[in-house]
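Chemist: The chain contents come next:
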Amino acid sequence: MRVIVSGLRKTYRGGVHALNGVTLDIPSGMFGLLGPNGAGKTTLMRILAGILRPSGGSVQVGAFDALSGKGQLAVKRLLGYLPQELGVYPDLSAREFLDYIALLKGLDDRQARRQRVDTLLELVALSDVASRKLKTYSGGMKRRVGIAQALLNDPQLLIVDEPTAGLDPEERIRFRNLLADLGGNRVVILSTHIVEDVAQTCQRVAIMKSGRVLFQGTVGQLTQATRGHVWTLTTPHVSMRPQGDLAVVSTIQTGAGAQFRVVGDMAPQAGARLVEPTLEDSYVWFMRER
Amino acid sequence: MIAQNTSYTINQWCAFWGATRYEFLMQVRRWALWIGFFCVAALTFLAILGTKTWTDDSHRPSVVSAFAAVASLVMFFLPIAVGFLTTDRLTRDRKTRVEETLNTLPASSGARLLGKYIGVVGAALLPMLIAYAAGVAYLLAVRGRDTLSFPLAVGPFLAIIVPGVLFVAAFSLICPLVIWGPLYQFLFLGYWFWGNLIYLPRLPTLNGTLLTADGDYAAVAFFGSDSSVITHATAAQAIASIALLLGLSALILLAGWSYQRWRLARA
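Protein chains in written order, with this note's numbering: chain A, 1 to 290; chain B, 291 to 557.
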């Protein structure tokens, strides 16, 4: 399956342009959508999930026009969606909540539904606490319930919006691994501003800023595009920051001074050493570029 | 992995059943529901049921008529609890952010809304049924009647209590979509007293009209019960009153459903 987004625009009441002609071609597999807060990622996710209507453009999900009435319903059957902030009914247990959502997804066979819920609870490692009320769950546990509800209908299109925000490192790694396992033959769109999450899980990536797509392609193509623009240099003191038209990606204080990693068009100064770009360098490069 | 259904629509009965089941479950798990109903029921029964009016056979020609009187008693204040406890059921989906997930599901908003409504009504009727059954049992005990007449209590429950609860629940579910919850509760309280309990000849009121939601018409017409406002009612009037209450309930649900669709469409 493929998701094709063409010239998508969204203008909110009050004239805020959240999306300005977004065009994306998303094949099967993990697809990372990177961008700072306010880039338009959540708006795009919500349009793909059928919660928001765009002001213009088109969205094709497999054979369906996702913006037409019939197409939207068909897409909803193929969709699993984990919103940025998953809402739950606090007085239901995880098992009950999943059973409820499964019924709303049309899983009408009781036996199959129960089995599906149990399988997913096991997948997200919540079987032991499945009968506990959701109000007693931590943020990470709720997020895992969220991914379980998104997977109930074995979706062909899985949209996860900022799934690791606010999770502790262990939970983040667990969640990333879970997502990576799901990539297989479905489209998984992972929206995030955490570069590391994309680096660890996605084959393809798009970078968004101010409602526009700045880059789309493979992770390799992204780093390739930044090759020749990333340097490290060492200065005697941390206050002696490299000057010029460049962005500092990281600063490490060493005993002999400070080592800076920078991206820019030209070498910052004599002694700077050209290095291989990482995904984070590329992200900073694209953010700085336009 | 589950098998993919080749149809692009889902069984909306399944969604309706899911919403009914879990809304009922969530509502009956609320302590507020049981405490609220128990307090109101206890106060009502303590204040009125002990008086001779409810135990004196000479006032009522039949046991069914006495049951109808108990049903009318249940409909005195308990619908206020129904109204108050139903107010947050739809708006809660927005507050808890569950709405965002629900709107991405293939279940139609109509099936979800109807399921929620039926679940909420079921949860409201359960404590009312308990209160009513307690009243009927008390009545049978103090009047020394045969317990075999207990099944006769079903009629008054269905004709007097159920239509009023359906009416109150529909408005209390939908109106808070456009009115601030506490304001709605305040207005509803005023409406209940003005339109169903208080009768002053010089004050324009719904009380005594076919729109009375406390089941007076059914009580008088079907079961020969006494009413302080309606002295005589025909079966046709009682049926018209029930039909009006059910029709208005359907209408407000339809309006609420349309409003939700409109909100989603302009998002």
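Read the hints as simulated data drawn from the structure, not as lab findings.
None of these values were measured; they are calculated from a predicted model.
Hints may be right or wrong, so weigh each one.
Taking lysine-lysine pairs in the DSSO-like style, the calculated list, with each CA pair at most 30 Å apart, reads [claimed, not checked]: (1) K385(B) / K142(A); (2) K385(B) / K135(A); (3) K133(A) / K385(B).
Chemist: Taking the hints in turn, state whether each one holds.
Modeler: Okay, the hints, checked on the actual structure:
no.: 1; hint: K385(B) / K142(A); in the structure: holds, 17 Å
no.: 2; hint: K385(B) / K135(A); in the structure: holds, 15 Å
no.: 3; hint: K133(A) / K385(B); in the structure: holds, 18 Å
Consistency note: the structure conflicts with none of the earlier hints.
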